[in-house]
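S.K.: As they're listed, the protein sequences go chains A and B. Sequential numbering from 1 applies to the first sequence in UniProt numbering. Sequential numbering from 1 applies to the second sequence in UniProt numbering.
Since the hints were derived computationally from the structure, they do not count as laboratory data. Beta carbons are placed, not taken as given, at the ideal position from N, Cα and C, and that holds for glycine. Treat the hints loosely; a few may be bogus.
Short, incomplete list of chain A residues facing chain B, as computed with Cβ under 7 angstroms [claimed, not checked]:
#1 SER36
#2 HIS104
#3 ALA116
#4 ASP117
#5 PHE118
#6 PRO120
Cβ pair distances, simulated, as ranges [stated by the list, open to error]:
#7 B:LYS121 / A:SER58: 19 to 25 angstroms
#8 A:ASP55 / B:GLU122: 25 to 31 angstroms
#9 B:GLY120 / A:PRO38: 21 to 27 angstroms
#10 A:ASP55 / B:HIS98: 43 to 49 angstroms
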Amino acid sequence: MVLSAADKTNVKTAWDKIGGHGPAFGGEALDRMFLSFPTTKTYFHHFDLSPGSGDIQSHGKKVAEALATAAGHLDDLPGALSTLSDLHAHKLRVDPVNFKLLSHCLLVTLAAHMPADFTPAVHASLDKFLASVSTVLTSKYR
Amino acid sequence: MVHFTAADKAAITSMWRKVNVEEAGGETLGRLLVVYPWTQRFFDNFGNLSSASAIMGNPKVKAHGKRVLTSLGEALRNIDDLKGAFSQLSELHCERLHVDPENFRLLGNMLVIILAKHFGKEFTPQMQASWQKMVAGVASALAHKYH
Chain A
1 MVLSAADKTN
11 VKTAWDKIGG
21 HGPAFGGEAL
31 DRMFLSFPTT
41 KTYFHHFDLS
51 PGSGDIQSHG
61 KKVAEALATA
71 AGHLDDLPGA
81 LSTLSDLHAH
91 KLRVDPVNFK
101 LLSHCLLVTL
111 AAHMPADFTP
121 AVHASLDKFL
131 ASVSTVLTSK
141 YR
Chain B
1 MVHFTAADKA
11 AITSMWRKVN
21 VEEAGGETLG
31 RLLVVYPWTQ
41 RFFDNFGNLS
51 SASAIMGNPK
61 VKAHGKRVLT
71 SLGEALRNID
81 DLKGAFSQLS
91 ELHCERLHVD
101 PENFRLLGNM
111 LVIILAKHFG
121 KEFTPQMQAS
131 WQKMVAGVAS
141 ALAHKYH
């Protein structure tokens, strides 16, 4: 799967519009994921998982910052996400199925907060972007 | 098997009452075909699917989307027996339509996204969780008769 020039434009534009809301959206996506897909909580048994907790907020911020980095380096996602990729492969070892679940909840969050900007074409580009990020993060698993 | 609490049922049915099935159906199916273009494989006779705007404006897409969501709405009346409610449709999708059940999961998630887009803040994490159960139950029911 390749991000077209149009995809890249859509992703960068969307990320500009998200602006300072990144951390809040990241936290909300995690809240949504833990409620809708309880199996994802198994990776966070050390967290306070009550909705909107400090743990979830700070983790949401990390996720948002990583995605912002990715959005700024669409021509070299493996390079930009190399450290995170190592982390997920060797330390976190989150089963690949879970990346789809978080990606879905990120899209739900964006759709809820930016409905006018979330056109079908932008939706498709963001879905591809999140799938590409997920692929990179699981690329060193074996 | 999916278990719906009283709170799930109340949340799902109250939101469904506010959904324009015709619009939401077209939007949901249209976006499925745009975001996951390989799903177009089932709709060779639908005419122009050459671009996002062609797909979203295609009258056959809108009509079929409406049909699918109408069926889902009917199933809401049998929420405690989705497998029974979808038994014949399951056989149809396996034996005649040859649709990989993965597509039901994709469509279900697409509906969740459309609801979020339409209802915004009202589509709380709690509401989403109830709807994820719903679409998972429907997808599972539609796959139940596959062989």
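S.K.: So, for every hint listed, does it hold in this structure?
M.R.: Consistency of the hints with the structure:
1. SER36: 4 angstroms, holds
2. HIS104: Nearest chain B Cβ about 6 angstroms off; hint holds.
3. ALA116: With Cβ-Cβ at 9 angstroms, over 7 angstroms, it is violated.
4. ASP117: 10 angstroms, violated
5. PHE118: Check passed: Cβ of PHE118 (chain A) comes within 6 angstroms of chain B, closer than 7 angstroms.
6. PRO120: Where the cut-off is 7 angstroms and the nearest Cβ of chain B is about 4 angstroms from PRO120 (chain A), the hint holds.
7. B:LYS121 / A:SER58: 19 to 25 angstroms: 23 angstroms, holds
8. A:ASP55 / B:GLU122: 25 to 31 angstroms: Cβ of ASP55 (chain A) to Cβ of GLU122 (chain B): about 26 angstroms, so the range 25 to 31 angstroms holds.
9. B:GLY120 / A:PRO38: 21 to 27 angstroms: 25 angstroms, holds
10. A:ASP55 / B:HIS98: 43 to 49 angstroms: The hinted range 43 to 49 angstroms holds for ASP55 (chain A) and HIS98 (chain B), with Cβ atoms some 46 angstroms apart.
In this structure, the hints that do not hold are numbers 3 and 4, in rising order.
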